[in-house]
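Trainee: Chain by chain, the residues:
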Amino acid sequence: MFELLNISPQVLMGQLLLGLINGSFYAVLSLGLAVIFGLLNIINFSHGAQYMMGAFVAWMLLTYVGIGYWPSLILAPLIVGAVGIVLERLALSRLYHLDHLYGLLLTFGVALIMQGLFRNYYGISGQPYNIPDALSGGQNLGFMFLPNYRAWVVVASIVVCFGTWFMIERTRLGAYLRAATENPVLVGAFGINVPRMIMLTYGFGVALAGFAGVLAAPIYSVNPNMGADLIIVVFAVVVIGGMGSILGAIVTGYGLGLIEGLTRVFYPEASSVVIFVIMAIVLMIKPEGLFGRTS
Amino acid sequence: MADTKPKTVGMPMLHKVIFAVMLALLCVLPFVIYPVFAMKVMCFALFAAAFNLLLGFGGLLSFGHAAYFGGASYVAAHAAKVWGLTPELAILTGTLAAAVLGFLIGSLAIRRQGIYFAMVTLAFAQMVYFFALQAEFTGGEDGIQGVPRGDFLGLISLQDNTALYFFVLAVTFGGILMLYRIVHSPFGQVLKAIRENEPRAISLGYQVNRYKLMVFTLSAAFAGLAGATKSQVFQLASLTDVHWSMSGEVVLMTLLGGMGTIFGPLVGAAVIVSLQNYLATFGAWVTIIQGVIFVLGVLLFRKGIVGVIAGWLRRPL
Amino acid sequence: MIRKLAMGATALTMLGTIPAMAQDTIDVKLGVLNDRSGVYADLSGEGSVVATRMAVEDFDAAAHGLNVEIISADHQNKPDIGSNIARQWYDVDGVNAIIDVPTSSVALAVAAITAEMGGVMLNSGAGSTELTRGQCQPTTVDWTYDTAALANGTGGAMTTEGGKKWFFLTADYAFGHSLEENTAAVVEANGGEVVGTVRHPFPATDFSSFLLQAQGSGADVIGLANAGGDTVNAIKQASEFGITQAGQSLAALLMFVTDVHALGAETAQGLNLTEAFYWDQNDKTREWSARFEETFGSKPTMVHAGAYSATMHYLRAVAETKTTEGPKVVAAMKAAEFDDPLFGKGYVRADGRVIHDMYLFEVKAPGDSKGEWDLYNQKATISGEDAFLPMIDECDFTKNAG
Amino acid sequence: MTDPILSIEGLNGWYGESHVLHGMDFVVNPGEVVTLLGRNGAGKTSTLLAIMGILGKRTGSVKFNGTETIKMEPRHIARAGLALCPEERGIFASLNVEENMMLPPKVAEGGLSIERIYDLFPNLLERRRSPGTKLSGGEQQMLAIARILRTGAKTLLLDEPTEGLAPVIVQQIGRTIEALKAEGFTILLVEQNFRFAASVADRHYVVDQGRVIDMIPNTELDANMDKLHAYLGV
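Here the protein sequences line up with chains B, V, L and G, keeping their order.
The opening position of the first sequence corresponds to residue 1 in our numbering, with each subsequent residue numbered one higher.
The opening position of the second sequence corresponds to residue 1 in our numbering, with each subsequent residue numbered one higher.
The opening position of the third sequence corresponds to residue 1 in our numbering, with each subsequent residue numbered one higher.
The opening position of the fourth sequence corresponds to residue 1 in our numbering, with each subsequent residue numbered one higher.
Just chain B, same shape as in the assembly:
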């Protein structure tokens, strides 16, 4: 069948692998978004800007302080997360009793401010950031040349996704989180500091975005707009997976990466819209999303 479409199985394999790599970014980003939505009930529209910030912080660490890729992989998410925590304390925490809409609008505004500021100071053409030496080069897989860095992206994202999933679904801290997602008031009445948990969760979700940004820095252009359109796609991923579902975000992230990859072979023009088509279909058939709980 693939031969009929003029695509050899080898090429298809390659494309699927690339889809998986893209899916890695979607998975890490939508995971952060889902974690935040789960506990805060806020759609974090500044997620794309925070992803951009992760890449920029890595670049700044390198340019101004001389800190390289590996330390940045830890440091940049921490810094981005800390900025997120400030935002949560100053602004978001005042909105929890309101409709979802307000959180979305506030974070949308924050995204505009962040992107605008970076644009003012660093221009738009982007900054160079090289692949770390340890990961330069690549492997010839027979059906394609796989750059080492891309392989690392997949590994890193799987580790982070699995780690996050494990932390939330299998640890005591995660149990607090899940409980607070269901009934924050009761969890507070048990003596747990829910506001601090919410603050840290937001910081963590944002740090995930920052992490994705550092991962992206060596392969995509580090520029202020890099997250602007991505947010809409990641948003769709979370909705398809089921708002707030951790597993849903991860699986859908990788899955849609693959589907997008296939679209790029068969109908490349549509690769940016295919996710929305799927989102519309999913919402029509299973409105709570593929992995969402019906409530």
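Calculated directly from the structure, the hints in this document are not laboratory data.
Values in this document were obtained by computation on a predicted structure and should not be read as measured data.
Fair warning: there could be bad hints in the mix.
[Claimed, not checked] Below, computed lysine-lysine pairings styled on DSSO-like, alpha-carbon distance capped at 30 Å: (1) B/K286 - V/K16; (2) G/K57 - G/K71; (3) L/K334 - L/K370; (4) L/K334 - L/K345; (5) L/K345 - L/K379; (6) G/K134 - B/K286; (7) G/K106 - G/K181; (8) G/K57 - V/K303; (9) L/K334 - L/K399.
Once you have looked at the hints, place chains V, L and G on chain B.
Mentor: Frame of chain B; chains V, L and G shown alone:
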């Protein structure tokens, strides 16, 4: 049930006065400020008012209203340029197209609620955007350029800015008055009942989904009217008008002005369009300032400018 | 009515000041309209304002009896915002010429308004050939480049050098399509063939999938018919996937020195591209670019240079004709050939197309680069006549105007 | 006479915009089991929520162990040794039985160990990996009570622990409460099941329209039966 049917509410004196003052000001405006700019403000005011019908009075947040606004502007531009229709017919065609599109998307979207509703509308709007990007007649990212201004009813030339201004004034002001009428009609009262308590409205025997679809279609149609008119003013239709950030912008206008108020969206649109216009020299600061407005609006003035004023006056505005 | 009164008042004041104006000072208002916050902000943006101001100073406008004022605005790459500003500038602010205007959709809208209002459109930033063909206007002067010239430069040179089989990575919008079409025609005219095309959404971040398809096609050259961030990302990823090491060459069909700078010589080395201007070409360009850098902080792009030279030529024509009426000034610009410090000898053709040399550059290897901005080796010069498309009859305004 | 462990004076409470408590006054002494009786909507559950600090807004005085808590955050009140077993049990669906059990942090020494709890409720041990809400109603109630026994809190607020449960389970809960009382726990109980209340409590406060209108010691219950029926509208 039958005997408690909500009645049409007459226009309160205060609103009559405001509309009259507004109209008077608008008649003088083109001699004071640049008419094309004023026309742009009016188009966006109508767009925001149409959006507000859905969000503020219907309680439905659409995140894809650019589809109707921009879609209609393409159709109207095409109708005027290629089919050679007169401006009023071109606008009518665009509006109809938006209404049909709104009906189709709306009939699917209204089955979902809250954030899911917003997402469905966004998804369809992205598809419309994709179509606008791909379709032959839309001219890709160049858009449809050089749309003739034409002759109103085939008689009066709209080449002159002032003539065009009064044409646009009639269309948009008329549209806004019609929206006012809709909000204060029995239909609007039912909408209000649905927004406040949907299960109760259902138990009262209202076919809630039919009302939702109707308000969605109406909102899309008026958004289309605004978009179609804009295409005649600027003589072009472009991707900007169907992009998702346009959907975000209209939310901003409505929120800033005060959603669920009559005059809020008009004020919001005027403020945002003026900002974009007068801050154009400041480059990236425009986005930053818009962002700051969003943040402050959400934190401090959730009721919006007009909402706050209405609170002082203790009168609905 | 109020406006008429106002005009009457202005007329009165003018009457009153006639003695002072006996020296025939002409007020000239230039509007630099470009992208100051979006993707083209670095390659045009504030830099074009700086370049325009330099032109006014270098021309010594006051000595020529011109009183020049420059204003600027951000069109945000939106045609409606751009055309609104343009109309307002002509209608209210009394602007005589609009300069730069990157983004084809905005440029086309502004060109139409300019013709209607009798201004002058000095295009430097936009690359659409439509400006001097399908949608040509008697008041348009298209100074710096267009997609056809880029296609001729890069496509022609690379095909004759042996890159016979081409694969295009095209941004899926009108600009990308026309860039691809122009280049494909040149490639075929030079005996090459197009073995495949993939149209990617605009904007896109990940190009690996498309690059893999390009790699699988067995093409000699991968032509990047896109712009800005898309091109940068595609090149970055091509280097990552070892495309060039594997023997395929990359041709960026629209790329500016700021993009190359953003990529760094490390990643961009060996890349072929065509530009109309490079700061390090000769003493004159170096001298001017140094002055530019002093005010602006970085080296100029060809768009900045174009804004400078177009303004120079425009001011010369205004000083000569002693009018700011668009059609007359443009006619004068077309009548006189120029010898410009930045663009060399050239002329404005009847359709508004400015004919000057274009250059094929190759990005230096990092070892050969002596500084952050030392990026290009000049490979070939393409004469203006060869670079640009021939004029179409409908746009021969000198003839049509009679 | 010892000081009361819980002393409520002039407690007003609001749920959103609506004013639900209008000056509650009552005390609970150490080691007592006290019930709040009253019709639906009388304000019993709101009283418990107000004591925990999780009703929308509250004024007046709530002294716990002599400390004024009216301005304290819920989590600090909990840390002081008050534990709530909420209406409808508040078992978390996304947590398994053991996670539900381990959720409330220890607030004092002397809580039941997990082994002891599993001894008491062997069903819970068997199903410790099942999602909390997959248990039967009775098991969920056991879980909800067990969970707060773990924390070491000695004053428990139980909101209708018998609601919707089979008689044999209700009896079991009754025995549990008696056992807790014997161990020195203080319990404030909200009940609709009047007979159950009578079987475990020392005193009963009758609540109506957000205030206490009467107090009946359990020993005088029989004598006051008619009055009580009138209050409760049975």
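Trainee: Give a verdict on every hint.
Mentor: Results for each hint:
{"no.": "1", "hint": "B/K286 - V/K16", "verdict": "violated (47 Å)"}
{"no.": "2", "hint": "G/K57 - G/K71", "verdict": "holds (10 Å)"}
{"no.": "3", "hint": "L/K334 - L/K370", "verdict": "violated (40 Å)"}
{"no.": "4", "hint": "L/K334 - L/K345", "verdict": "holds (14 Å)"}
{"no.": "5", "hint": "L/K345 - L/K379", "verdict": "holds (20 Å)"}
{"no.": "6", "hint": "G/K134 - B/K286", "verdict": "holds (23 Å)"}
{"no.": "7", "hint": "G/K106 - G/K181", "verdict": "holds (20 Å)"}
{"no.": "8", "hint": "G/K57 - V/K303", "verdict": "holds (24 Å)"}
{"no.": "9", "hint": "L/K334 - L/K399", "verdict": "holds (12 Å)"}
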